[in-house]
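Peer 1: Below, each chain spelled out in residue letters.
There are 2 protein chains.
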Amino acid sequence: MNLQDYIRDIPDFPRPGILFKDITPLLINPKASKFALKSLVELTEHLNIDKVVGIESRGFFFGTLLADRLGAGFVPVRKPNKLPFDKLSQEFQLEYGTDRLEIHKDAISKGDRVLVHDDVLATGGTAEAVCKLVESLGGEIVQCNFLIELTFLKGREVFSDYNTESLIKY
Amino acid sequence: MNLQDYIRDIPDFPRPGILFKDITPLLINPKASKFALKSLVELTEHLNIDKVVGIESRGFFFGTLLADRLGAGFVPVRKPNKLPFDKLSQEFQLEYGTDRLEIHKDAISKGDRVLVHDDVLATGGTAEAVCKLVESLGGEIVQCNFLIELTFLKGREVFSDYNTESLIKY
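Residue numbers (the numbering used here), protein chains in the order written: chain A, 1 to 170; chain B, 1 to 170.
The reader is advised that the hints may include incorrect statements.
The list treats identical chains as interchangeable, and a pair is accepted whether it falls inside one copy or across any two copies.
As the list claims (entries may be wrong) - Think about it this way: if two alpha-carbon atoms lie no more than 25 Å apart in a straight line, the pair counts; the simulated PhoX-like pairs of lysine-lysine are: (1) K87 / K154; (2) K34 / K154; (3) K132 / K154; (4) K87 / K110; (5) K79 / K38; (6) K82 / K169; (7) K31 / K110; (8) K34 / K169; (9) K105 / K34; (10) K105 / K31; (11) K169 / K87.
Treat the hints as calculated values from the structure; they're not laboratory data.
Only a predicted model underlies this, so the values are computations on that prediction, with no experimental measurement involved.
Given the sequences, and given the hints that come with them, work out the whole structure.
Peer 2: And the structure:
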C-alpha cells in the first residue's frame with residue numbers, strides 16, 4: 001500500500017507558497033489508517049515506551065492510537081491556555097515571530113521512556129520545543145516519529161541527537 | 001473500575017465559576033483508557049458505523065480510538081480555518097456570542113451511518129452544530145456519544161431526536 005495515495009496536496013494553505021499535506025483522506029480510510037498505524041508501531045514497539053506525547057492537534061490522531069497499541073499513556077502537548085492544571089511552557093520560533101506549547105507538569109515522571117509524535121516533520125521547531133519540555137520534566141526521548149517528513153526542509157538536522165523516524169517522505 | 005477516579009476537577013477554568021473536567025489523568029493511564037474505550041465501544045458496536053466524527057480537540061482522543069475499534073473512518077470537525085479542503089461551516093451559540101465549526105464536504109457520503117463523539121456533553125450547542133453539518137452532507141446520525149455528561153446542564157434535551165449516550169455522568 002502506498003500511503004502517499006492517501007495524502008492530499010493543498011496549494012497555498014495556510015499561506016501563499018505553502019503546499020499543505022492534508023491527511024484527512026488517510027484518516028477517513030480505515031484500511032489505510034490501520035496500515036499507517038501498524039507501520040508506525042513497527043518503528044517503535046521494541047523500545048518499551050511509557051508515554052506517547054502527541055502535539056496539538058494533528059499529532060493527537062495517530063498519537064492516541066500509538067499509545068493504545070503500545071500500552072503506553074497518552075500525553076497531549078497543547079497550545080497556550082488549553083491545559084487546565086500546573087504546566088510547563090516552551091517558546092519556539094516560527095517563520096515569523098514565536099509560538100508557545102504547554103505540557104502538564106505531572107504528565108511525565110522522571111525516567112519515563114517517551115515517544116514524541118506529530119503528523120508532519122517540517123523545520124522541526126515544534127517537535128524540538130516538545131522534546132525540551134519532556135526533558136525538563138525528566139523524561140527520556142526514546143524516539144520522535146512523524147507520519148510525514150518534508151525532507152527538503154531539513155528538519156531532521158534539528159534532531160541529530162534523537163532517534164528520528166518518519167513513514168512518508170517528500 | 002470507577003472512571004470518575006481518573007477525571008480531575010479544575011475550579012474556575014477556563015473562566016471563573018466553571019468547574020472544568022480534566023480528562024488528562026484518564027489519557028495517561030493505559031488501563032483506565034482501555035476500559036473507557038471498551039465501554040464506549042459497547043454502546044455503539046452493534047450500530048454498523050461508517051464514520052466517527054470527532055470534535056476538535058478533545059473529541060479527537062477517543063474519536064480516533066473509536067473509529068479504530070469500529071473499523072470506521074475518522075472525520076475531524078475543526079475550528080474555523082484549520083481544515084484545508086472544500087468545507088461546510090456551521091455557527092452555534094456560546095454563553096457569550098457565537099462560534100463556528102467546519103467539516104470537509106467530502107468527509108461524509110450520502111447515507112453514511114455516523115457516530116458523533118466529544119469528550120463532554122455540556123449545553124449541547126457544539127454537538128448539535130456538528131449533527132447539522134453531518135446531516136447537511138446526507139449523513140445519518142446513528143448515535144452521539146460522550147465520555148462525560150454534565151446532566152445538570154440538560155444538554156441531552158437538545159438531542160431528544162438522537163440516540164445519545166454518555167459514560168460518566170455528573
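Peer 1: Please go over all the hints and tell whether each is borne out by the structure.
Peer 2: Comparing the hints with the structure gives:
| no. | hint | result |
| --- | --- | --- |
| 1 | K87 / K154 | neither (30 Å within a copy, 32 Å between copies) |
| 2 | K34 / K154 | neither (28 Å within a copy, 37 Å between copies) |
| 3 | K132 / K154 | within (19 Å within a copy, 43 Å between copies) |
| 4 | K87 / K110 | within (16 Å within a copy, 44 Å between copies) |
| 5 | K79 / K38 | neither (28 Å within a copy, 29 Å between copies) |
| 6 | K82 / K169 | between (31 Å within a copy, 23 Å between copies) |
| 7 | K31 / K110 | between (37 Å within a copy, 21 Å between copies) |
| 8 | K34 / K169 | within (19 Å within a copy, 32 Å between copies) |
| 9 | K105 / K34 | between (32 Å within a copy, 23 Å between copies) |
| 10 | K105 / K31 | between (37 Å within a copy, 21 Å between copies) |
| 11 | K169 / K87 | neither (34 Å within a copy, 27 Å between copies) |
Of the hints listed earlier, those the structure fails to meet are numbers 1, 2, 5 and 11, in rising order.
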